[in-house]
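Q: Protein chains in written order, with our numbering: chain A, 169 to 487; chain B, 169 to 487.
Mixed in with the good hints, there may be bad ones.
What the hints assert, rightly or not - Here are a few chain A residues that face chain B, going by a calculated C-beta distance under 8 Å:
| # | residue |
| --- | --- |
| 1 | Arg291 |
| 2 | Gly293 |
| 3 | Leu350 |
Unchecked claim - Pairwise CB distance ranges (calculated):
| # | chain 1 | residue 1 | chain 2 | residue 2 | range |
| --- | --- | --- | --- | --- | --- |
| 4 | B | Glu255 | A | Arg327 | 50 to 58 Å |
| 5 | A | Ala329 | B | Gly251 | 56 to 64 Å |
| 6 | A | Asp240 | B | Arg386 | 54 to 62 Å |
Claimed, not checked - According to the in silico footprint, chain B covers these stretches of chain A (three or more CB under 8 Å from chain B):
| # | segment |
| --- | --- |
| 7 | 171-177 |
| 8 | 258-269 |
| 9 | 446-459 |
Because the hints were derived from the structure by calculation, they are not lab data. Glycine is no exception: its CB is placed at the ideal position from the N, C-alpha and C atoms.
There are 2 protein chains.
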Amino acid sequence: MTGSIVVIAGGVGGAKMVQGFVDICAPGTVSVIGNVGDDWEFHGLWVSPDIDTVTYTLAGLIDQEKGWGVQDESFRVLSALRGLGRETWMQLGDQDLALHIYRTERRRDGDRPSDIARDIAERLGVPATILLPTDDALHTKVETPMGWLAFQEYFVRERCAPTVTGVRIDGAETAVATPEALAAIAAADLIVIAPSNPIVSIGPILAVPGIREALAGRTVPCVAVSPLVGGKAIKGPAVQMMTALGHTANAVGVAGIYGDLVDAFVIDEIDQALAPGLARPGRDIWVEQTVMRTAEDKGALAKRIMERIAEMGLGKVHS
Amino acid sequence: MTGSIVVIAGGVGGAKMVQGFVDICAPGTVSVIGNVGDDWEFHGLWVSPDIDTVTYTLAGLIDQEKGWGVQDESFRVLSALRGLGRETWMQLGDQDLALHIYRTERRRDGDRPSDIARDIAERLGVPATILLPTDDALHTKVETPMGWLAFQEYFVRERCAPTVTGVRIDGAETAVATPEALAAIAAADLIVIAPSNPIVSIGPILAVPGIREALAGRTVPCVAVSPLVGGKAIKGPAVQMMTALGHTANAVGVAGIYGDLVDAFVIDEIDQALAPGLARPGRDIWVEQTVMRTAEDKGALAKRIMERIAEMGLGKVHS
Numbered sequence: 169m170t171g172s173i174v175v176i177a178g179g180v181g182g183a184k185m186v187q188g189f190v191d192i193c194a195p196g197t198v199s200v201i202g203n204v205g206d207d208w209e210f211h212g213l214w215v216s217p218d219i220d221t222v223t224y225t226l227a228g229l230i231d232q233e234k235g236w237g238v239q240d241e242s243f244r245v246l247s248a249l250r251g252l253g254r255e256t257w258m259q260l261g262d263q264d265l266a267l268h269i270y271r272t273e274r275r276r277d278g279d280r281p282s283d284i285a286r287d288i289a290e291r292l293g294v295p296a297t298i299l300l301p302t303d304d305a306l307h308t309k310v311e312t313p314m315g316w317l318a319f320q321e322y323f324v325r326e327r328c329a330p331t332v333t334g335v336r337i338d339g340a341e342t343a344v345a346t347p348e349a350l351a352a353i354a355a356a357d358l359i360v361i362a363p364s365n366p367i368v369s370i371g372p373i374l375a376v377p378g379i380r381e382a383l384a385g386r387t388v389p390c391v392a393v394s395p396l397v398g399g400k401a402i403k404g405p406a407v408q409m410m411t412a413l414g415h416t417a418n419a420v421g422v423a424g425i426y427g428d429l430v431d432a433f434v435i436d437e438i439d440q441a442l443a444p445g446l447a448r449p450g451r452d453i454w455v456e457q458t459v460m461r462t463a464e465d466k467g468a469l470a471k472r473i474m475e476r477i478a479e480m481g482l483g484k485v486h487s
Numbered sequence: 169m170t171g172s173i174v175v176i177a178g179g180v181g182g183a184k185m186v187q188g189f190v191d192i193c194a195p196g197t198v199s200v201i202g203n204v205g206d207d208w209e210f211h212g213l214w215v216s217p218d219i220d221t222v223t224y225t226l227a228g229l230i231d232q233e234k235g236w237g238v239q240d241e242s243f244r245v246l247s248a249l250r251g252l253g254r255e256t257w258m259q260l261g262d263q264d265l266a267l268h269i270y271r272t273e274r275r276r277d278g279d280r281p282s283d284i285a286r287d288i289a290e291r292l293g294v295p296a297t298i299l300l301p302t303d304d305a306l307h308t309k310v311e312t313p314m315g316w317l318a319f320q321e322y323f324v325r326e327r328c329a330p331t332v333t334g335v336r337i338d339g340a341e342t343a344v345a346t347p348e349a350l351a352a353i354a355a356a357d358l359i360v361i362a363p364s365n366p367i368v369s370i371g372p373i374l375a376v377p378g379i380r381e382a383l384a385g386r387t388v389p390c391v392a393v394s395p396l397v398g399g400k401a402i403k404g405p406a407v408q409m410m411t412a413l414g415h416t417a418n419a420v421g422v423a424g425i426y427g428d429l430v431d432a433f434v435i436d437e438i439d440q441a442l443a444p445g446l447a448r449p450g451r452d453i454w455v456e457q458t459v460m461r462t463a464e465d466k467g468a469l470a471k472r473i474m475e476r477i478a479e480m481g482l483g484k485v486h487s
C-alpha cells in the first residue's frame, strides 16, 4: 500500500506509532495530527510537549531513554532560571527551550501555529507531515482534590499523584479545525488512532469541532491501537483517568470511547481473551504484539496493520 | 566620606567605575543609573545589554576577558536557534538568555522594568542599587549609509564599521524618569558620570526628561571621567560617533558635551596637556590614571575621586 496515512497521535506512544509507519511507508505519505491540549506557557514561552515529542522522535533527536526531550540535552538555562527564583519543575532543556523561544516569537509575530510546527519539522528533517488539529489554544485541565490543574501541572509537577475527578478541554468548543488537518483526513487512504491516552491525548484532537465529524464521515478504514495492555498503560495516567471518568480501564473501555470511529481495533496478545467480547459488526478486532520497545517493534506493528488492511475485510476477530 | 554616591554609567567602562566605588565605599551607599538605550528584542526576548553588563560585573559573574556576558558561558540555545534558521549574530549565552527569558516574562506580566532589574540584582547578589532612568522603552538608533540601525545592529552585527551620520534616541521625548532615579540623584552626596560613551551610553540617560534637569539642579558635586584617553576610546565607537556629530574626539569634546553638568572633569595623565584649556570657573580638571585594567585600578580611581572631593575646592586644575 502506498496511499496516504493519517495518524492521530499524542506524545510518546503516538510518536512511536508514527515512527513505525514512517519506517515502512513511502516518503511523503505519512501525516500526523498531534495533540495541542498539553500546550502551556512556561517562563512566558509557549511549550507544546506532545507536538515536540512527535517532532523530536521523527527527527531522530528524541532522548530514547526518557521518551521526551532531546538527546545530549543540557539544562543551563533552567538552572539559571532556578537561581532567579523561578519554578523549574517542568524540565525544559537548552535545545528544547530554543524551540519554545522560536515558537513563541513566531506566535507573537502572528504566524499560524500550524505553519510554525511545519517549519520546525522541516528544519529538523522530520520525514512526515506534522499537522495541528487547530491553531487555537486548547488547554486540557484535570480536576483533582487540589482543584483544576493544567495538564502539565498534574502530569509533571504532581506526577499524576492526585486523584482525578474530571477532565475538561478548555477552548475546545470554540476551536476551529485547521484546513490542513481536515484535508489530510479527507485525502487519507488509512486513518490510525495511535496507542495514546484516549482522554487527554486523543481526546483533545477529537474535541476540536469538525475533526470527529470528519473521521465519522470517512470512506476509508480507521484503525485504533489500544494504549492499554493487560489493563495498564505503557506510560502515563490513562488508567486513573479512565476509571475516574467511568470507563472500564482496559482495552474494552478504550474501544468504548472510540465507538463507531474505528473499523478495526488492535489489542495486545496479552488481552486476547477480550477479543470475542469486543468484536461486533463493523468493528474488527486484531490481536497483535502492540508494545513498541525497539525500532523493529514499531515498524513491525505498522507493517501488520498495513497487511491486515490489505488482506482482510472487516467485522471479524483475527489473531 | 560615607555618603550616597550615584554613578551614571553605560556598559563596560561604566561597570568598572561602579565596581571601583563599590570596592571602597560602605555597603549600601552606591547606586548606579544605567543605560537602557541599548535595549532590543532578540528572539522575542527583551535584552538589556548595558544593564546586564553592570549587573554581571557587580555580581562577580562577568566574563572578564570579553567584558560582557557571563563566565563559563555556553551557547546551546543559540546554536539550536541557528539550526532553526534564526539570525544569531547577537551572542546570547545560555545563562544570559535565562535572564532575558525572566525579564521578558515579568515585563509581559506588567511588572516595572525597574523592579525586575532590582530583583535580578538582588538574586545575583549585586552589592549596589541598580536603577533605570526610565521604565519606558528607549531605543538608540544610529544613522549610517545602510539606514538607521538599532544600536546593537550597528555595534554587534556591523561591528561599528558603517560611517555614522547621526544618532537618535527613540522614545526619549515621551519617557518618564523613574522616581527611584530622581530620588537617588536628590539624595546623593556625590554624582559621578562614568567613563562611558557620552553619546550612546550616557546620552540616553540624560535624554530622559527630568534626569538632566535633576543633575543640573544638584547641590552636590558631579564628577565626570573622560572615556577618551589620548583621543581614543578604551572600547567602542565613541570617537567615530563624536566626530560624526561635530564634537572634538577627545576629552575636550566630552567636556563640551557635559558642559555645566560637571563640577570636576577627570582626564587621563596622557591628556595632561589638555588640562589648562579645559579648566574654567566652576569646572575643576583632575588629571589621574583613569584606565582601569585591574581590580586595583578601579578602586584606586574611585579612591582618588573621593579624596579629591574630600580635600579640595573646585575650579582649579589639580594633578
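Q: With reference to the structure, classify each hint as holding or not holding.
A: Verification of the hints:
1. Interface restraint check: Arg291(A) against chain B, minimum CB-CB distance 5 Å, threshold 8 Å, status holds.
2. Of the supplied interface hints, the one on Gly293(A) is violated, with its beta-carbon coming no nearer than about 10 Å to a beta-carbon of chain B, more than 8 Å.
3. The closest approach between the C-beta of Leu350(A) and any C-beta of chain B is roughly 28 Å, which is over the 8 Å cut-off, so the hint fails.
4. In this structure the hint that Glu255(B) and Arg327(A) lie 50 to 58 Å apart at CB is violated, the actual value being about 39 Å.
5. In this structure, Ala329(A) and Gly251(B) break the distance hint of 56 to 64 Å, their C-beta atoms being roughly 37 Å apart.
6. Separation of Asp240(A) from Arg386(B) is about 56 Å and conforms to the stated range, judged on CB atoms against 54 to 62 Å.
7. Proximity of the segment 171-177 of chain A to chain B, defined as three or more residues with a beta carbon under 8 Å from a beta carbon of that chain, is not established by the 0 residues found.
8. Check on the segment 258-269 of chain A: 6 of its residues sit with their Cβ under 8 Å from a Cβ of chain B, so the three-residue criterion for coverage holds.
9. Figure legend: the segment 446-459 of chain A, annotated as covered by chain B; annotation inconsistent (0 residues with Cβ-Cβ distances under 8 Å, at least 3 required).
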